[in-house]
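**Q** Chains as they are written, first to last, in the numbering used here: chain A, 1 to 616; chain B, 1001 to 1294.
Hints were generated in silico from the structure; no laboratory data involved. Yeah, the Cβ is synthetic: ideal placement off N, Cα and C, and Gly gets one too. Treat each hint with caution, since some may be false.
What the hints assert, rightly or not - Selected chain B positions facing chain A (Cβ under 7 Å, derived; list incomplete):
{"no.": "1", "residue": "Gln-1039"}
{"no.": "2", "residue": "Ile-1062"}
{"no.": "3", "residue": "Asp-1085"}
{"no.": "4", "residue": "Phe-1136"}
{"no.": "5", "residue": "Phe-1149"}
{"no.": "6", "residue": "Ile-1152"}
{"no.": "7", "residue": "Pro-1166"}
{"no.": "8", "residue": "Ser-1173"}
As the list claims (entries may be wrong) - Chain B regions said to be covered by chain A (calculated; three or more residues, Cβ under 8 Å):
{"no.": "9", "region": "1011-1018"}
{"no.": "10", "region": "1205-1218"}
{"no.": "11", "region": "1255-1263"}
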Amino acid sequence: MFAYCKPTGNVQSDRVANYTMTVDLDHEHKTAFGMSQIVWHNPSPNPVSDLKFYMYLNAFKNMKSTWLKPTGGVVFDNPIARRGDDEWGHITIDSIGIANGEELTTKMYYVQDDGNIDDETVLYIPLDQAVQPGDSLVLNLTFTSKLPKTIARSGYGGNNFHLFVHWYPKLGVYEQDLEGNWDWNCIQFQQRTEFYGDFGNYDMTIRCDQSFTVGASGCMIEEGTIDREGETFKMTRYLAEDVIDFAWCVSPELEEYLDQWEDVDIRLLVGPDHCHMADRYMRAIKHSLQYFNDHLGKYPYPGITLMDPPFHSLRNGFMEYPTFATAGTVYRMPTWFRGSESLAIHEFAHQFFMGVLASNEKAEPWLDEGFVTYYEDRIMESLFPPDESQVSFLGFKYGNTALSRNEYARMNHEQINTAIARPGWEIRGDFKGIVYSKTATMLKTMEHYLGQEKMDEMMKRYFTNHKFTHPRRADFESLAVDYINQHVNAPLSSSLITFLTDCLDSSKTIDYQVTRVDGKTAQLKKVGELFLPVDIAITFADNTTSKVRWEKNTTTKELSFNKEIQSIHIDPESHCFIDLNMNNNSYKKEPTFFKRYLLKGISWTQHLFQSTTFLI
Amino acid sequence: MDPAFISINNILDMMSALVKGFKQVLIHKNIIVYLFLIQLIFAGIVGSVIQKDLQMHLGQTIAGQVFESDFNYSVFMDMMRSIPDAFAISGKVFVIVFVINFILAIFLHAGCIQTLLHKQKQSMASFMSSAAKLFFPFLFFALFFLILFLIITGILFGPLAANSLPFVEWLESDRLFFYVLYVCLFIYFLLLSFITNWSINSRIHCARSQVSWWQSLKAGGLQTKKNYRALTAYFLLFSSLAFLGIWVNIKLDNLDTLVLTFILSLLILLGKIIIRLWNYSTLAVCSNAINKTV
Ligand SMILES: [Zn+2]
């Protein structure tokens, strides 16, 4: 009997790190007491004689942590520095040892790469006896996780809302670095970094107050009560297979909505204030499941939980965890604003980029946030009319891709480094503009040149080849280069490949411009060092048309004809979507009169005058 | 009218005041035209400057053609990024026209109120002389009530806006926050009703009795207090009609028929002007002001 979704039992990943945990939540003290058994398989050809654990909850222990120090005490506009002792969070391992073997509790200590000795987000444990290649290590540990009053995502909010993220002692990833050396990849928690973990199974038993609804990664495989010291507690057991992490929440307010898409169970947890959003969220998730199925790959898990926190705990929203995503909205969110759907789809899309294609989000954030934004935009524009997929109010409207392009174009490309392919901690300036919006706009531009069908085929190949692994830049880049070389004719193929590398490694831009039209001649210019070939459409005074191709990477182009030019348009179909300013791509002899704005300007100004003089 | 309750007789009285008030507006329908035309001229200036700005920046581009066929976010944002002061001229003209219109509206409404107190149609010359005579007292009223309006708005919504997030967190519910907002809006409605009626009554008193501004303000306040239930009912009626006009205008804005939408929008505006004048004359009937003026 499965309370919510049925684990498939299929082994889809290499299941390197597996956790069986039981936690007791003391909600009065915002603390979880956990027992954990970790089974870790050494995936390397070397004996491993140490362990590294993520202890990220310690980032919220005080202002001295590497994560909090640079914030100056303000996170998401929220002053957090002056708080009571009981409002900070921490995690400790109370005891740890190898099953039937070495006791490790006294040997562990925190390590820091950045020299900040007050940072306790990475724990190091040397082993007396190394774990041999292919062997397994079984660790038994007890730990205490005290949640902070929410600073960012993990924490407690009002009315006993708790979200447990980065909350348990979690092993780093033992892998080869770019030079081929095997070691633990387990970096300190720092700004603009989030998840990186090994695949495995999580068998999780949560015991908490009976009034709470529990939401979590995986399938709820058992639900009941447990009596302890004369008190009855709720007991739920979750099994999440082939995931890289496990997150969970409890709240007395959340209401449950269940639905299905094919064989995937969808569970919505929404507070009563936001129950009006349940249909909108459900529609968004079902549509996303279908869209990914058609254009990338099938969602490989038996269930997905989307949790919309109550508004008082909004700081816990807007994040992705394996098979568990959090959204956020406000009471009576108007239907003309689709930001809530867009964010829910964004967090859901992370199931593919971060969840299944488990790239290192810390070192290569573009591989998940950028790809996610690209798919978020596509999904939203297939769910709503493309030019109003985000907002449509009183004639003002915009769609997702236009928004992403604007977020990219508005950056100061001359002043900041906008190269995409960099670790999160190295990126200064507009992180969202660079990692999310530039990547999405770059991919959209590539889609325009390849055509959606080929783009989908390339991305499907990426998904199929690398699912349940940790793909890196080279994996995507080599696959894209191969695909483009096989399916696109020269010289476009080499332009596209250069374009991809230029976007990843440089701040290069492109802006096509019509600089002068003089009767039968036209002078065109390309500003910026990026290049993609474009068509040029010309209409003549006698209403005949012509098309010319800007094929070579030159900065200017002169055109002359034997007829008077009526209009000229560089890239009329906006293939080069990354063009910084598309308004200067054209010239038209007959000026537009703008009757629409004249008439609307008159009528709305009159209404405004009439309304604002109501007291006189 | 007894402020304590509204009886059937009161309702009949109110209905008859509305009918009398409307007939009074019909007698003086020429002032509707004055108000409408003046606003149209000012709005025309603003509209044409916006149009000129767009022509200057996008006129000879295909992006402009796209923007003209429907609002386009990319065209708009590319323009605002490449020409940050694209609407600098429109903005300045709008502010100037707004201020002139505001002052002129005081002048015109002074003429309107004085004219509406007469049972017979008034000439343009008499309209202008009344407006000129009452302009300064009415300017005083306008500024006084504007300040009052800002204070009320600030007190009711200022703290709510400044502390909205901590307040929602304290309430532990955004639904409750909205309920608090609805209560504030209801109180706001009652206060706005009071100051709007007070403003009209003071001006009617001033136009009729031509005593000092202060005396008219006091008399208007007393009159409003005395009749506050009926006057609130009138405010509800007239403001609902005005909001209905705005709502229809928004709905019309979505239509593709540009010229037809424009004409209908102007008709709605005409309706809103009639509603405003109807409000004045109904309150004048209520305060027995009509005909008592020489
Ligand atoms: Zn994201």
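**Q** Taking the hints in turn, state whether each one holds.
**A** Against the structure, the hints:
The interface hint given for Gln-1039 of chain B holds, since its Cβ lies 5 Å from the closest Cβ of chain A, which is under the 7 Å cut-off. With a cut of 7 Å, the hint placing Ile-1062 of chain B at the interface with chain A holds, because the nearest CB-to-CB distance is about 4 Å. Given the 7 Å rule on beta carbons, the hint for Asp-1085 of chain B is violated: about 15 Å separates it from the nearest Cβ of chain A. This hint is violated: Phe-1136 of chain B has a C-beta 13 Å from the nearest C-beta of chain A, more than the 7 Å allowed.
Restraint check, Phe-1149 of chain B versus chain A: the minimum CB separation of about 6 Å is within 7 Å; hint holds. A least Cβ separation of about 11 Å between Ile-1152 of chain B and chain A goes past the 7 Å threshold, and the interface hint is therefore violated. Given the 7 Å rule on beta carbons, the hint for Pro-1166 of chain B is violated: about 10 Å separates it from the nearest Cβ of chain A. Taken as an interface hint, Ser-1173 of chain B checks out: its beta carbon lies about 6 Å from the nearest beta carbon of chain A, inside 7 Å.
For a cut-off of 8 Å, the count of residues in the region 1011-1018 of chain B with a CB near a CB of chain A stands at 0, and the three-residue condition is violated. Residues of the region 1205-1218 of chain B lying with their CB closer than 8 Å to a CB of chain A number 0, which falls below the three-residue condition for coverage. Note: the region 1255-1263 of chain B has 4 residues with beta-carbon separation from chain A under 8 Å; the three-residue rule is met and the coverage holds.
In summary, the numbered hints that this structure violates are 3, 4, 6, 7, 9, 10.
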